[in-house]
Amino acid sequence: MKTGTKIAGITLSLMLGMAAFAGCGGGRGSASVEPFVNDYDPNREYNIDFLGWGDAKEQEIYKRIINDFMAIHPNIHVSYDASSAGEYLTKLTGEIADLPDVFYLPDTEFLQWVDGGHLLNLIGENGVDEEKLKNVWDNAVNEYFYNPETFQLGRSEGAGMFALPKDQGPFTLAYNIDLVNQRIAANRLEDDEEVKALFSHQPVTWTVFRNAMKKLLQGAPSNMYGVPYYELEHAVYSNNAEFFNEDATVSRLTSPAMVDAVQFIGDLCTDGITPKTGLAMNGDGADNMFFQGNALMTFVGPWDFATIWDLDNFHCDLLPVPYGPGPDRQYNTADDGKSTAFIGSMGYCVAYKTKERGTSGASLMLAEYLCMNENAQRKFYSFGQCVPNLKDMAYNEYVPDSLGILADEGHTDPAHRDIFIEIVDGFKDENDKIGGKPRILYQTYFSTWRTNLEDAINQSKLYTGEQTAQQVLAAHEPSFQASLDEMSGMLRK
Amino acid sequence: MERRKASKLVRREKLTALAFVTPLIVGFVVFTLVCMVISFAYSFTNYNPIRGSMDFDGFKRYTELFTHPTYKKAFLDSILNTLFLLLATPLCLTVSILIAALMNNKKFRGKTVFRVIIYLPAVTSVVAVNFIWRYMFEENYGLINTFFHAHIPWLTDNTLIKVAMIIKNVWGGIGTQVILFMAGMQNISEEFYEAAELDGAGPVYKFFRITLPLVTPVLFYSIITSLIGGFQIFADVELFAGGQYGSRTIVHFIRNYGIGQNLYGLASAASFLLAAVIMIITALQFRFNKWVNYTD
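As you go down the protein sequences, you meet chains A and B in turn.
Position in the first sequence counted from 1, then plus 12, gives you the working numbering.
Position in the second sequence counted from 1, then plus 566, gives you the working numbering.
None of these hints come from the bench; they were simulated from the model.
Hints should not be assumed to be uniformly reliable.
[What the hints assert, rightly or not] Okay, derived cross-link-like pairs now, DSS-like style, lysine-lysine, Cα gap no bigger than 30 Å in a straight line:
hint: 1; chain 1: A; residue 1: K227; chain 2: A; residue 2: K445
hint: 2; chain 1: A; residue 1: K473; chain 2: B; residue 2: K639
hint: 3; chain 1: A; residue 1: K365; chain 2: A; residue 2: K445
hint: 4; chain 1: B; residue 1: K626; chain 2: A; residue 2: K103
hint: 5; chain 1: A; residue 1: K103; chain 2: B; residue 2: K677
[Said to hold, decoys possible] Chain A regions said to be covered by chain B (calculated; three or more residues, Cβ under 8 Å):
hint: 6; segment: 275-285
hint: 7; segment: 368-378
hint: 8; segment: 390-396
hint: 9; segment: 402-414
hint: 10; segment: 457-466
C-beta: ideal position from N, C-alpha, C; glycine also.
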């Protein structure tokens, strides 16, 4: 037999074998909203696995909190394992056939995992303590509801609750107080109305934001910027714009509000307020620029303050993000945008398999303890890891630092912690000017559409002013819609 | 009787040899061959471990790489980026041969010290190297721009990021290559040079007519291994370039679009195309290797 024929034969055999293999293993699990059945027996010993992520410091605090939990429940032995954030999902996916009893899940992965049927519904007669849950941020709790019949995320008739919120990560602007004061003094802006408005800790319009930034940056070194980059979601959300319709099936890329949001980011680049890298500069690059005093402000979450406290080389406070004029493109009308930050979130999930293992009750107890126990929450916020999940603790203890926990540690920044809380608490009424929404990837199956959109913007000539946002988004829209179609097809298949 | 004794000895030697290679063979079969076969099988499916889907889709994943609106551009650009970055291979080999020839010269002093210095990049942590080079190329406060009083966007421009990666990879690859070439050059008999000198040959003539032809086996090995490595660049994209668009290679595509999105079928198809390309290029190199001088 000739070599070519042999290779073809082997290939064909493999393909046929695969076809048979695929036929046997095809099909997928689906989310079940069967009520939670508590199998906990106080007279039984339990060994449960808990998988999380974090650096050494975070792991240490988790170990302490888990020890506290085991001291209260001596019959539950928790085995805690953690990896780095970057490797976590690969590790978790690798364990898909035998998932840990309790594990973290970022909100951006929630839809795929819940739709795959791996998560246990925590609502039931003896399920999660719904009374206690009322003291947890509504938005955080609602985020982990899902209805597998309608594919709808969030609380709805027939939906199950598939995770308890680990924490809420309001992501807003922080400014270097020392650097800003230097720029104000250098440009004699003490009485400038726009600059005063920007640092009033109240939301300002995009116009005021741009003007104030331009004034502050006058005469600044060429490597100093206002912000290292501007978050796409913050611009979109704060202009009443949408990436797509409610069920993520139809693109809204070329709607006026969306176009204006992207144009705002382009304008910040052409004004020199952000570097020409635009959206491409984020993560470590942006943090370093801010920490080294080369940017007046940047986007931060509560977890960033652990680093800022460690650096201890400048004072820092929070600002709400500026807002746009909305779809009608005019300020002071009913559809004006509102200062809206994204809120990153993660859930404590209980694996569906705990039902078979008989560990679902003990697993839920651990998840509830981590999510809602007062002592645990206090330790988390004092560590600079998050804002408390508990509303009363956040308002009465964290914001005023009534127990002096933060002051004792010398962690007085940010003074306006209330901005974090306002974002997490969402828009309570029409007059509420500051709020937050989940990251946009929470609503979709994959993140490729988002990567491709940012790539399309970054690869265009928007940042040099040679192309408009309208042109860039219109050119990208067919590919964007194809991604939405693909994701929609997967969810509804 | 003697023959039987000899064959027993041979058999025992064969068994000993087998005992030595068995761990390697088992390792290769379990961790490479089986994984390759499974991955090849995945490439004909829509395998997604989270959805639990594994439907046979024929060559759909392969065609999607070139036609699907979501992946096509990213995949094709990753191919172009990878090919561009392969320029590091000829540059690195050329510089390495020249340095090796220089250091092989009897008159060259401090050979040991230079050898250590040149080999240092090869034994330095990849992570540390990438971060230091990233700092050097940084636009606003990097050493290179500061030194030249320039604002060159090395890390953000789609072409310049590749140039920066090539510079870094040439630097990083020289150590190993120089050691290999020096070893090859030290095996060249002095008689060739002495004869050439008697005929009045200069250093350039000796290099092109004696040294270079006689190190072609080393060069051939280096080209093959460097190209295979070059096609598989990944760490640089993440650590040095921070995933910048112009730096994204095929392996980065496989990691991000395939494994990162749980599209294992797509990732496997891209992996097999890459493996096929590497195999074809390697086979062609072996087919057209008449320029390699295997004579002593």
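We went through each hint and held it up to the structure:
no.: 1; hint: A:K227 with A:K445; in the structure: 25 Å, holds
no.: 2; hint: A:K473 with B:K639; in the structure: 18 Å, holds
no.: 3; hint: A:K365 with A:K445; in the structure: 43 Å, violated
no.: 4; hint: B:K626 with A:K103; in the structure: 28 Å, holds
no.: 5; hint: A:K103 with B:K677; in the structure: 47 Å, violated
no.: 6; hint: 275-285; in the structure: violated (count 0)
no.: 7; hint: 368-378; in the structure: violated (count 0)
no.: 8; hint: 390-396; in the structure: violated (count 0)
no.: 9; hint: 402-414; in the structure: violated (count 0)
no.: 10; hint: 457-466; in the structure: holds (count 6)
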